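If you read the protein sequences in the order shown, they are chains A and B.
Taking numbering that gives the first Met the number 0, the leading residue of the first sequence gets 0, the next gets one more, and so forth.
Taking numbering that gives the first Met the number 0, the leading residue of the second sequence gets 0, the next gets one more, and so forth.
Worth flagging that the hints you see were computed from the coordinates, not collected in a lab.
Because the structure is a prediction, the values reported are computed rather than measured.
Take the hints with a grain of salt, since some may be wrong.
[Stated by the list, open to error] Calculated pairs, DMTMM-like style, for lysine to aspartate or glutamate (alpha carbon to alpha carbon, straight line, at most 25 Å):
1) B:Lys32 to A:Glu261
2) A:Lys133 to A:Glu31
3) B:Lys331 to B:Glu238
4) A:Lys150 to A:Asp49
5) B:Lys305 to A:Glu253
6) B:Lys118 to A:Asp257
7) A:Lys243 to B:Glu332
8) B:Lys140 to B:Asp91
Protein chains: 2
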Amino acid sequence: MNDFDDNNSIGIVRTNKFVLSTPENIALDCGEKLSHIEVAYETYGSLNKDKSNAVLILHALSGDAHAAGFHSSEDKKPGWWDNMIGPGKCFDTRKYYVICSNFLGGCKGTTGSNSINPKTGKEYGMSFPVVSIKDMVKVQKELIDFLEIKKLLAVCGGSMGGMQALQWSVDYSDMAAGVIPIATTATLSPLSIALNEVGRKAIMNDPNWNNGNYYESIAPDAGLAVARMLGHITYLSDEAMRNKFGRRLQKNEEYRYDFEGEFQVESYLHHQGTSFTKRFDANTYLYVTKAMDYFDLSREYSSLEKAFETTRSRFLVIAFSSDWLFPPYQAKEIVKALRTCNKEVSYCELSSSYGHDAFLLEEKHQTLMISHFLMNLEEEYTSK
Amino acid sequence: MNDFDDNNSIGIVRTNKFVLSTPENIALDCGEKLSHIEVAYETYGSLNKDKSNAVLILHALSGDAHAAGFHSSEDKKPGWWDNMIGPGKCFDTRKYYVICSNFLGGCKGTTGSNSINPKTGKEYGMSFPVVSIKDMVKVQKELIDFLEIKKLLAVCGGSMGGMQALQWSVDYSDMAAGVIPIATTATLSPLSIALNEVGRKAIMNDPNWNNGNYYESIAPDAGLAVARMLGHITYLSDEAMRNKFGRRLQKNEEYRYDFEGEFQVESYLHHQGTSFTKRFDANTYLYVTKAMDYFDLSREYSSLEKAFETTRSRFLVIAFSSDWLFPPYQAKEIVKALRTCNKEVSYCELSSSYGHDAFLLEEKHQTLMISHFLMNLEEEYTSK
Numbered sequence: 000m001n002d003f004d005d006n007n008s009i010g011i012v013r014t015n016k017f018v019l020s021t022p023e024n025i026a027l028d029c030g031e032k033l034s035h036i037e038v039a040y041e042t043y044g045s046l047n048k049d050k051s052n053a054v055l056i057l058h059a060l061s062g063d064a065h066a067a068g069f070h071s072s073e074d075k076k077p078g079w080w081d082n083m084i085g086p087g088k089c090f091d092t093r094k095y096y097v098i099c100s101n102f103l104g105g106c107k108g109t110t111g112s113n114s115i116n117p118k119t120g121k122e123y124g125m126s127f128p129v130v131s132i133k134d135m136v137k138v139q140k141e142l143i144d145f146l147e148i149k150k151l152l153a154v155c156g157g158s159m160g161g162m163q164a165l166q167w168s169v170d171y172s173d174m175a176a177g178v179i180p181i182a183t184t185a186t187l188s189p190l191s192i193a194l195n196e197v198g199r200k201a202i203m204n205d206p207n208w209n210n211g212n213y214y215e216s217i218a219p220d221a222g223l224a225v226a227r228m229l230g231h232i233t234y235l236s237d238e239a240m241r242n243k244f245g246r247r248l249q250k251n252e253e254y255r256y257d258f259e260g261e262f263q264v265e266s267y268l269h270h271q272g273t274s275f276t277k278r279f280d281a282n283t284y285l286y287v288t289k290a291m292d293y294f295d296l297s298r299e300y301s302s303l304e305k306a307f308e309t310t311r312s313r314f315l316v317i318a319f320s321s322d323w324l325f326p327p328y329q330a331k332e333i334v335k336a337l338r339t340c341n342k343e344v345s346y347c348e349l350s351s352s353y354g355h356d357a358f359l360l361e362e363k364h365q366t367l368m369i370s371h372f373l374m375n376l377e378e379e380y381t382s383k
Numbered sequence: 000m001n002d003f004d005d006n007n008s009i010g011i012v013r014t015n016k017f018v019l020s021t022p023e024n025i026a027l028d029c030g031e032k033l034s035h036i037e038v039a040y041e042t043y044g045s046l047n048k049d050k051s052n053a054v055l056i057l058h059a060l061s062g063d064a065h066a067a068g069f070h071s072s073e074d075k076k077p078g079w080w081d082n083m084i085g086p087g088k089c090f091d092t093r094k095y096y097v098i099c100s101n102f103l104g105g106c107k108g109t110t111g112s113n114s115i116n117p118k119t120g121k122e123y124g125m126s127f128p129v130v131s132i133k134d135m136v137k138v139q140k141e142l143i144d145f146l147e148i149k150k151l152l153a154v155c156g157g158s159m160g161g162m163q164a165l166q167w168s169v170d171y172s173d174m175a176a177g178v179i180p181i182a183t184t185a186t187l188s189p190l191s192i193a194l195n196e197v198g199r200k201a202i203m204n205d206p207n208w209n210n211g212n213y214y215e216s217i218a219p220d221a222g223l224a225v226a227r228m229l230g231h232i233t234y235l236s237d238e239a240m241r242n243k244f245g246r247r248l249q250k251n252e253e254y255r256y257d258f259e260g261e262f263q264v265e266s267y268l269h270h271q272g273t274s275f276t277k278r279f280d281a282n283t284y285l286y287v288t289k290a291m292d293y294f295d296l297s298r299e300y301s302s303l304e305k306a307f308e309t310t311r312s313r314f315l316v317i318a319f320s321s322d323w324l325f326p327p328y329q330a331k332e333i334v335k336a337l338r339t340c341n342k343e344v345s346y347c348e349l350s351s352s353y354g355h356d357a358f359l360l361e362e363k364h365q366t367l368m369i370s371h372f373l374m375n376l377e378e379e380y381t382s383k
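Next comes chain A alone, as it looks inside the complex (with noise of 0.2 Å):
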């Protein structure tokens, strides 16, 4: 029995393709113009009477679209948010009507790197121009304007999805009733810049790399694993290492002394890497990660305070102990310049040991703070 068979889940749930009629009003940040965007999108749930349920759910670095529920009934994994998304669930699709696309940039079926440019009938590679966060909500709320929803009930994302919803409180000041940024930061710290590049750097050493043209030839796997490894590294903590994996060597018992990695937490990691090859794009990671570093709202307002001014969004700020990519004074220093502007903000830090990817895991604690919040949105949204 897979989940599917779980009353809770959303059951079978399909990517729908959205283009956009004027792609030209996309000024993106960089100065380019695309001719042509798509954006892969999935609903969960029903749009109510008065367009009031409606949920925008934002993802990070590696996720797409299928946010919840099968792809058919042989799926055996369901969308990346699934102990999060469906009936009697934290987003319940009983009540909300649950909206996730892929983002602009992105390799699952929104227009991207590794997309075909109408101009010249090849793959974009790295004649893509550098999409920024805001670029990425520009079209988010072009798809939102195509649903014929006016205002959305809530915003929500983690890591990069975080920096999306933080994005729409400022570029679309009454667009979402609330707010919810989790494991996330208004500026993107300059040890996680030196990550991300690298994790770049891995990917462009790879000679099948070749300057982002290998769509006809062989991709740069081995360099996207490195990158991959080393991402999913931040994405734990040393305490969750220590738990998973400890020093247990994989198969033999004593040191073998050698280099083909006996630890389990290198065969894990390993596996992580290569897995990674077989669903995402190497240059897609190089736009995706620089769009990150870019990140920054004080720079963009001048000051976070600025940046938040004129919002009309109420905010529920996440954050977990361990995550020590988006560390909790991260959300902090949101929740601080929210606060000196006057502006509604809950922040709740939870105690996890699963680092950044607490925000993917820890759907108890997060499901009693945000189904609260979203209660009380409602109450407010429909008073109105």
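Knowing the structure of chain A, use the given hints to seat chain B on it.
Showing chain B alone in chain A's frame:
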């Protein structure tokens, strides 16, 4: 004026070479033996009449025998711990006879992967045996015997040097009056193993690595540079990087939206990576990180308490608050085990924002702690 003119410099020093007369007596942990072992070492100060003032300094991953002073009057850069070793400094060369040797498997004069295998007349490359911290210490013991020192006043090292110091204390339980492990651990964590493996993969993925056979062609500099970039990140701290680089751009004021690495933290790491390739051997990086991975005193002696049971040394254990590679809790595990066995141990957690690198930078507080510890040892040693 360089530091050479400083009165506190030990001045010009030279690296000596010691050749083991019976290298076959060194039974390596992996089961192999080496037919020839050379050791590069330096000494500063003078050995006193009763040979009771010798301090052995043990270096970390990228260090070498050149711990203090200059190799010539034109030399711009002193040894790696020059701020701690010299007349009037922490390891006061007017009082102590300071010894530092490049460890077995190193690439700075002691036999290692890039040395000539006498049996083939060519560099060992990956045919070099996988050496352990214990093996390194065995070779250091030969050097100390050769110098006709019966008992060291102290052994001291930071990071991987601290591992060697701990190994000294358990393998030669009466050979050092004092042991000073700094910013280190008795058991490498899975997080550190994971990070080491990412670095190794980056090297081994480089086509120039060629299974370690690159000494007559082009070295895998790109891979080694990535490994070093990652290493360097782990030596700093989130706070140190925010203080040192923030999100400052290198030259431009506006984002360039490209992949050249425009943040200062990126150019710093590029520079660190590239310059490292000029002074370090890629195969050696593989061997040295592997020696660290295998380091686990609890495993070797069934428990950490058992490991320390017979030692007759006194300990000063130092950790740094922001060190996330070898966090203070790992130092406390050493301290706890020593206390359980009723050994004399002082523990000091120094507050520093420098991360793991603090052991190289925080000379003031370390000097205070260590110089007092050494003075007490002297009194005890000479009163015996």
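Status of each hint after checking the structure:
1. With a C-alpha separation of about 23 Å, the suggested pairing of Lys32 of chain B with Glu261 of chain A holds against the 25 Å cut-off.
2. For the hint linking Lys133 of chain A to Glu31 of chain A, the alpha-carbon distance of about 14 Å falls within 25 Å, and the restraint holds.
3. The hinted pair formed by Lys331 of chain B and Glu238 of chain B meets the criterion: a straight-line CA distance of about 23 Å does not exceed 25 Å.
4. Taking the CA atoms of Lys150 of chain A and Asp49 of chain A, the gap is about 10 Å. The hint holds against a cut of 25 Å.
5. As the CA atoms of Lys305 of chain B and Glu253 of chain A are separated by approximately 19 Å, the hinted pair is consistent with the 25 Å bound.
6. Pair hint Lys118 of chain B plus Asp257 of chain A holds up; C-alpha atoms about 21 Å apart against a cutoff of 25 Å.
7. For the suggested pair Lys243 of chain A and Glu332 of chain B, the alpha carbons sit about 20 Å apart, so the restraint of at most 25 Å is met.
8. With a C-alpha separation of about 23 Å, the suggested pairing of Lys140 of chain B with Asp91 of chain B holds against the 25 Å cut-off.
Checked against the numbered hints listed earlier, the structure breaks none of them; every hint is satisfied.
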